[in-house]
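Asker: From just these sequences and the hints, can you work out the full model?
Chains L and W, in that order, give the protein sequences. Counting along the first sequence from 1, when you hit position 85 you're at 84 in numbering that gives the first Met the number 0, and nothing is skipped either side. Counting along the second sequence from 1, when you hit position 357 you're at 356 in numbering that gives the first Met the number 0, and nothing is skipped either side.
Hints are computed from structural coordinates only; laboratory data are not their basis. It cannot be assumed that every hint is accurate.
[Said to hold, decoys possible] Computed, partial: chain L to chain W, Cβ under 8 Å:
1. I57
2. N67
3. M71
[As the list claims (entries may be wrong)] Here are some chain L residues the structure puts well away from chain W; computed CB gaps all over 12 Å:
4. A45
5. P46
6. G47
7. R48
8. L50
9. Q98
10. D101
[Said to hold, decoys possible] Capping the alpha-carbon separation at 25 Å, the derived lysine-lysine pairs in PhoX-like fashion look like this:
11. L:K43 to L:K110
12. L:K110 to L:K78
13. L:K78 to W:K251
14. L:K78 to L:K43
15. L:K82 to L:K43
16. L:K82 to W:K251
Small disclaimer: the values here were computed from a predicted structure and weren't measured. The C-beta atom is built at its ideal place from N, Cα and C for all residues, glycine as well.
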Amino acid sequence: MKVALARLPALATAALVLGGAGGWLGAAEPLVPAQLKEETVRLKDAPGRELTEGRCNICHSLDYIPSNAPAMNRAVWQKEVQKMRDRFGGPLTDEEARQILDYLDGNYSGKP
Amino acid sequence: MATRRELLLAATGGCLIGRVWASDGAGTVAQVEALAALPGKKPLIRRSFRPPNFETPLADLAAPLTDNGAFFVRYHLTVIPRIDPDSWRLQVSGASARRALTLSLAELRSGFEQVEVVAVNQCAGNRRGLFTPRVPGVQWGGGAMGNARWRGVRLREVLQRAGVAADALEVVFGGADAPVLPATPAFVKSLPVERALDESTLVAFEMNGRPLPHWNGAPARLVVPGWVGTYWMKHLASIRIEPRAFDGFWMKTAYRVPTGAFPGARFTSQETAETTPVTELLVNSLIVSPGSGARLSRGAHAELAGKAWDGGAGIEGVEVSVDGGQRWRDATLQRDLGRFAWREFRFVLDTSRAGRLDVAVRARSRNGAKQPDKLTPNPSGYHDNIVQAVSLEIA
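Answerer: See below:
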């Protein structure tokens, strides 16, 4: 339920993007093909999980986080969070970025 | 805890050259590995749900042409429209285009000569998950690649129909997939005008005799034989001929390697002193069977089989070593499907003695390049073409 709520703004924006793209675009794929059961991806339960899931989920599934853990440490996670905010326009305040970094580094640096 | 690969390497006593792969061809990157099927596709190895990134299992890379249903899927952005082929239009324009064109699929099919090319489509980050040290990104094993017969029209003819002004520097390609957030850079790529005008570059609408699958870019995509998959724009929507270097995120920041670190075509209008776009495929090979760890019966006929490819010079030879790289013997090359296709190879294994057999394979391009023993580190994990090895058991 939480995951679905987090995705609502994303779906609304997607509809806007498509609406502006001319007449030949058909319906967008659902962001998650239902049969793939994306909702089975759950991050580790620790302070910051809800914020991290909610923000990261806007643009991508959460499986990126555990799958990348073996390549990550605090410095690399910091670059990644910065990229998501500054390059990709992810809506994050400084404080939220810090909390997400703490969560990712504390739970997904080295071990998936 | 030691990974399977570390165990395998430890067991070799360090004398083995190349890198031993796990039996699934995906190395040790399997923590989120699961087979799953996108609508209309076969079950593939899921690397991420959204955007959908799915790689081809090793067994599906055995055929000369990779099945459309099993062909890998790679996206950066998550808003992926289903496109009605009848109302789809391709826009051709730009500051270095003499006139703007709008082409329907029917006009594209009937207005230009239809041509075919068999070519490997390989993601720049194929095998990233095998990098040591690990690098962030989609943790691909060896299956972010495939070989298909692409049918379409030459991009050159489309560009010439629009008229290419003398000051044209790059051709810029946009697809119909889009980001969720308006601030996220749209996936837009450019090619040097010379590469866009090369006769092998196609606007393709068929793959292996069938319309392009949705997840592989329907109704039309770019095919840039010999160059990494990032340039093969899917759901092609716009083409712009421009007198300036395109400065979007996906050119200026992403898909770059250290300047001078790798051989292959240069993309000079995008090059800086530090970094340059990843361009051509490097000579490479893949052992398809037997998989690492396989048990062979002593004295029975056993054959090593796989594929070798490069950026379009063509494969000159494939060598196999069963003694840790001291002696190399030529494998037999199979049918030549063209210089951009992969080349199948076969090699009869000596199973007369029981015990472990460490087999390494090294491909050689007609341009003289050979697969290296050591990885060239680069921050995004591109161009992994080091010699691959499998460890077999004869009993």
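Asker: Which earlier hints turn out false for this structure, listed by number in ascending order?
Answerer: none
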